[in-house]
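*Asks:* Using the sequences provided together with the hints, build the complete structure.
Order-wise, the sequence lines are chains A and B.
Taking the working numbering as reference, the numbering of the first sequence is continuous, increasing by one, and the terminal residue is 316.
Taking the working numbering as reference, the numbering of the second sequence is continuous, increasing by one, and the terminal residue is 316.
Wrong hints could be hidden among the right ones.
Chain copies aren't distinguished; within one or between two, either way the pair holds.
[Unchecked claim] Dumping the calculated DMTMM-like pairs for lysine to aspartate or glutamate here, alpha-carbon to alpha-carbon at most 25 Å:
#1 288 to 219
#2 288 to 144
#3 288 to 222
FYI, nobody ran anything at the bench for these hints, they're computed from the structure.
Protein chains: 2
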Amino acid sequence: MLDESPAPKFDRVALIGIGLINSSLAHAMRRHGMAGHIVVGDSNALHCQRALELGIADAVFTDNALAVRDADLIVLGVPVAAIAAVAAEIGPHLTAGAIVTDVCSTKASVIRDLMPHLPAGVHFVPGHPIAGTEFSGPDAGFAEVFEERFCLLTPLVGTPDAVIARVAAMWTRCGMTVEVMDAEHHDRVLAITSHLPHLIAYTIVGTATDLGTELEEEVIRYSASGFRDFTRIAASDPVMWRDVFLNNREAVLDVLSRFNEDFARIQTAVREGDGEALFELFKRTGAIRRGIVGLRQHTAEEQKVRQGETN
Amino acid sequence: MLDESPAPKFDRVALIGIGLINSSLAHAMRRHGMAGHIVVGDSNALHCQRALELGIADAVFTDNALAVRDADLIVLGVPVAAIAAVAAEIGPHLTAGAIVTDVCSTKASVIRDLMPHLPAGVHFVPGHPIAGTEFSGPDAGFAEVFEERFCLLTPLVGTPDAVIARVAAMWTRCGMTVEVMDAEHHDRVLAITSHLPHLIAYTIVGTATDLGTELEEEVIRYSASGFRDFTRIAASDPVMWRDVFLNNREAVLDVLSRFNEDFARIQTAVREGDGEALFELFKRTGAIRRGIVGLRQHTAEEQKVRQGETN
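*Replies:* What follows is the structure, encoded as structure tokens:
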């Protein structure tokens with residue numbers, strides 16, 4: 006964990022891609038006075054317009070090359086698979102001394118796709134604020150989304166500490182706890198905590214959708230019995246998630262094979278009516294939950310209302 | 006859906022098994038004046054004592070046979086596999102005209118296990134209030150847990166409408182929407198909305214637990230990225246869930262095989278880098294979520310705070 010620093014100040018921040026995370030960051034930067042000017046680059050003209058209307062951008066460009074001009078901080082908030090193209094677009098227009106960071110869910114692929122386009126004298130600090138909701142787009146952003154969550158940075162060897170510290174301080178000021186690890190480790194951890202859960206959730210919601218109209222209505226009506234928790238994450242942005250699986254394939258396939266082994270074993274227990282095996286599994290999984298509650302990584306509602314149904 | 010009736014009044018209600026649901030029901034019955042006396046039967050003496058201390062029981066018995074004496078309503082809130090034994094215990098002591106209902110998560114097995122012990126003149130109305138939290142025991146109960154949730158009744162042929170209506174009215178007064186279906190259909194619907202999600206959640210949390218101490222700590226720390234939603238339901242009562250899988254095996258195995266087919270297909274898409282197949286699945290699952298939000302079956306927090314992280 007890095008030291009908490011005072012809020013850093015950037016003269017001109019370019020937010021490339023104004024989705025949930027970058028629009029939330031814009032709100033937080035405004036609130037904490039971290040940016041002299043906020044410039045938005047987004048190929049979607051409607052998103053640019055909304056950014057102006059929401060007051061989270063001082064200038065907007067559908068051409069990312071124009072957006073990054075004279076920026077001392079550039080935050081890439083685009084789907085993982087768009088990084089190479091965006092990097093090629095902005096690379097020639099980056100100012101020496103500028104810091105580039107990103108908010109993508111995979112790190113090794115972003116480093117691979119971005120670094121070839123980075124001019125000398127520009128630093129890249131790969132980042133992943135683990136925050137969000139199932140909503141997308143500039144209207145989905147709110148400053149509080151980062152509070153009490155973790156942000157992972159996976160800096161490259163040779164990046165000056167002062168540069169990493171400025172990016173870390175920005176996220177700390179947003180309310181996040183910043184931790185540093187290498188990109189491969191990040192991708193392995195996120196494969197189990199995020200990518201596998203999303204793949205399973207998307208699948209089971211798809212399975213339910215295929216049951217036919219009548220049963221689908223009942224699945225919706227009685228979703229508080231457990232299914233509901235899967236539908237929230239299966240409502241996330243499909244482009245973003247497609248790109249995650251295309252760009253963290255090895256790590257995802259590795260945890261998938263472990264999950265499959267365990268799942269096959271538990272299915273055998275159901276088929277054979279092996280109550281002892283079922284009980285043993287069901288008993289030991291409570292400890293992880295208690296760890297999450299202890300770290301306050303469960304939701305605000307669960308802390309207050311106890312209304313998350315399970316049976 | 007049955008008509009909303011005024012709150013029914015029972016002279017002497019026997020709650021057998023004072024866990025989360027029956028203790029919540031006791032709170033709700035007190036609040037709405039639905040019971041002259043509330044008697045608790047629970048083989049766990051500590052639970053009996055807590056029920057008295059919490060003020061949700063006028064009398065407690067560790068012997069269920071004593072608890073049901075002179076009761077005009079008996080609500081069984083015990084694990085599914087305990088139904089046969091409890092029915093054998095209480096059967097000889099039930100009063101003619103009494104109504105027995107239950108709150109179990111499977112219905113066909115409960116009917117199968119209970120009916121042989123039911124004396125003539127006593128009615129059984131199988132029920133399943135779809136509500137709860139991951140917490141267990143008499144201290145976990147609160148009257149509001151039922152509000153805006155669904156309760157399924159699976160009455161047997163020949164049960165007088167007036168009897169079914171009294172049980173329905175009780176749950177309606179608790180804030181639930183009551184629907185009627187047959188037991189086999191209930192078990193099929195719950196296999197997909199509840200039992201399969203729980204089995205998957207237990208498995209993935211188990212898989213993460215097996216990754217070793219260091220990685221397990223990181224899984225906890227970064228759980229807001231999706232994993233967290235699985236841990237809540239994987240923290241549910243292990244005995245209750247073991248019994249569900251032992252007693253709804255056929256329906257669970259059926260949805261399991263459908264899920265496995267879909268999951269194998271999506272794994273192939275990841276392995277082959279088939280972005281189109283991934284996008285198609287991820288795109289269509291949002292509709293079910295919108296249905297759930299439309300029916301207000303998502304959580305209170307999601308309505309207010311938008312703090313459920315996903316990426």
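*Asks:* Does each hint hold? Answer for all of them.
*Replies:* Hint check results:
1. Only between protomers do residue 288 and residue 219 lie at most 25 Å apart by alpha-carbon distance; the minimum there is 21 Å, versus 35 Å within a single protomer.
2. With identical chains, the CA atoms of residue 288 and residue 144 are at most 25 Å apart between copies only, with a shortest distance of 20 Å across copies and 42 Å within one.
3. In this assembly of identical chains, the alpha carbons of residue 288 and residue 222 lie at most 25 Å apart only when taken from different copies (19 Å versus 33 Å within one copy).
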